[in-house]
Amino acid sequence: MTDQIQQRIDQIKEELQVDFVALALSTVNEMTKVRVIRWKYVAGNTNHYYQRIRLQVGKGIGGIVWRTGRAYQATDLQKQPEKLVELPITRMEKLESIAAFPALEQGEVKGVLLVGYREKTIITEDFLTVAKDKTDELVVYL
Amino acid sequence: MIIVKKVFEKAKDALFLIEENKCIQQNKAAIKLENDYLFPLEKVLEIARGEGCMLHSTMEKCLDCEVRADWDQAAFPLILGDSKGRQEQFSGSYTVIDQKNALLSIRRLAVQDRLQQVIQNKRLIEYVNQAHENERRALSQELHDGLAQSIYSLMLETRQLKWSNQSDNLATKLQKIDEDFVALLGEVKQLAIDLRPTALDDLGLIPAIETLLHRLTETTGVAIHFIPMIENKRFPDSVETITYRVLQESVMNSVKHASVDELWVTLSEQAAHLILTVRDHGKGFDLQKVNEYSQGLGLLNMQERAESIGGHLIVHSEKSEGTTVTLRLPIQWEEVK
Chain A
1 MTDQIQQRID
11 QIKEELQVDF
21 VALALSTVNE
31 MTKVRVIRWK
41 YVAGNTNHYY
51 QRIRLQVGKG
61 IGGIVWRTGR
71 AYQATDLQKQ
81 PEKLVELPIT
91 RMEKLESIAA
101 FPALEQGEVK
111 GVLLVGYREK
121 TIITEDFLTV
131 AKDKTDELVV
141 YL
Chain B
143 MIIVKKVFEK
153 AKDALFLIEE
163 NKCIQQNKAA
173 IKLENDYLFP
183 LEKVLEIARG
193 EGCMLHSTME
203 KCLDCEVRAD
213 WDQAAFPLIL
223 GDSKGRQEQF
233 SGSYTVIDQK
243 NALLSIRRLA
253 VQDRLQQVIQ
263 NKRLIEYVNQ
273 AHENERRALS
283 QELHDGLAQS
293 IYSLMLETRQ
303 LKWSNQSDNL
313 ATKLQKIDED
323 FVALLGEVKQ
333 LAIDLRPTAL
343 DDLGLIPAIE
353 TLLHRLTETT
363 GVAIHFIPMI
373 ENKRFPDSVE
383 TITYRVLQES
393 VMNSVKHASV
403 DELWVTLSEQ
413 AAHLILTVRD
423 HGKGFDLQKV
433 NEYSQGLGLL
443 NMQERAESIG
453 GHLIVHSEKS
463 EGTTVTLRLP
473 IQWEEVK
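Quick mapping for you: the protein sequence lines, in order, are chains A and B. Throughout the first sequence, residue numbering follows this note's numbering, covering 1 to 142 in sequence. Throughout the second sequence, residue numbering follows this note's numbering, covering 143 to 479 in sequence.
In isolation and in its complexed conformation, chain A is listed as follows:
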């Protein structure tokens, strides 16, 4: 399963021609029932710092998408230090433009897919539709 998801993430990076792809998934501790969300699968990463980040529901890209169940988009990020702090993955991977989508199953968020460019890029409606479809396809693995 794990390898399959990783393969799919690598493929998505090629198909969408983006610089970076990451999928956030949650795990629930059996004992404490505490839910932890982390960037689990990545492609095009320049370091492993993403592993340190724990996503907070309602905060940051992953957290906002997780709570709202809606797509999120931001651009011109490297010029906005305040924003970079809120979106740590973009700071770590030096992303300039990003879009994130919820992987929904019966209205419930199962994961968040993030795609990003390191160069300034205009994200078109067509791109968003294609990327959203790819996210939906991922649900079968989750």
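Hints are computed from structural coordinates only; laboratory data are not their basis. Idealized CB from N, CA, C, for every residue including glycine. Any given hint might turn out to be false.
[To be verified] Part of the chain B face toward chain A, derived, beta carbon under 10 angstroms:
id : residue
1  : GLN229
2  : GLU230
3  : GLY288
4  : GLN291
5  : VAL324
6  : GLY363
7  : SER401
8  : ASP403
Following the hints, put chain B in place on chain A, whose structure we already have.
Just chain B, lined up with the frame of chain A:
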């Protein structure tokens, strides 16, 4: 010539016309200055001519120290004491007119300084108010969009139980509700910790810092190495709070502006002082430039906090070398809880 004489007489600065080492003429302001303050003319002339400096009385001792290297006869600082021992700041200038004569002029600085202080205080108050307001906005948003939202969806989930077929995967649904309650409780607790960490009141500075840095690493992705060089013990309330808040602010500054992936924090004790350092090997910045713009108020705020209990804050930054923030706070042991 009469007008020139009048100008000399009426000038607000104290003017002394010097011939060799004697004053041959002085204006009203100069007479008043001599009356109000202890004014050793010879010593002032020595300073003015750069024979020795503020720190050293003779050239032999001075040996072109830092103060002298930056010397400017057009404006040198001077501190004079009055008969009651109070000290005031003055600025002097020394103009050589010809081989024999020179003009020494002394101006009081305090008024200008005080004005600047007032302006700076006002800006600082504005900054602190703004910071409070931002904090409240964030809290309000968190309560409304976060907690209220979570409670609302939990409410819907429990209501659904009533309508759905009881035997139909009831266990799974209850399990889900349980998880959501845990998450909600976690959010409430985190909110409380962000406001004021209980560890700071209950366990002391070191555990509180460890918790804070762990959380900052998780939220920012920056690895923060904490090296406490003292045992965990209690310090006066103000010392603990100021250390914690200064740490929080300077770590966030580094994360925001230094573009680094690693930070080092140390805590030590030296000569009855608690010393905190936050070091990064990032971009660094020009302290002078930052202080001129409003962004520098964060630094000023930290400085004011430190000085409010007799400590001080030193920021050392060099372009492409990184930044070190050092906080030194006196520990008054009689105040220990």
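Structure-based check of all given hints:
The criterion of a C-beta within 10 angstroms of any C-beta in chain A is not met by GLN229 (chain B), whose closest approach is roughly 42 angstroms, and the hint is violated. For GLU230 (chain B), the suggested interface contact is broken, since its CB lies about 43 angstroms from the closest CB of chain A, more than 10 angstroms. A least Cβ separation of about 5 angstroms between GLY288 (chain B) and chain A falls short of the 10 angstroms threshold, and the interface hint therefore holds. For the restraint placing GLN291 (chain B) at the interface with chain A, the shortest Cβ-Cβ distance is roughly 7 angstroms, inside the 10 angstroms limit, so the hint holds.
Look at VAL324 (chain B): its Cβ gets to within about 4 angstroms of chain A, closer than 10 angstroms, so that hint holds up. A hinted interface residue such as GLY363 (chain B) counts as satisfied when its beta carbon comes closer than 10 angstroms to some beta carbon of chain A; here the least separation is about 4 angstroms, so the hint holds. Taking 10 angstroms as the C-beta cut-off, the interface hint given for SER401 (chain B) holds, the closest approach to chain A being about 8 angstroms. At its closest, the beta carbon of ASP403 (chain B) sits 6 angstroms from a beta carbon of chain A; the interface hint therefore holds under the 10 angstroms criterion.
Checked against the numbered hints listed earlier, the structure breaks hints 1 and 2; every other hint is satisfied.
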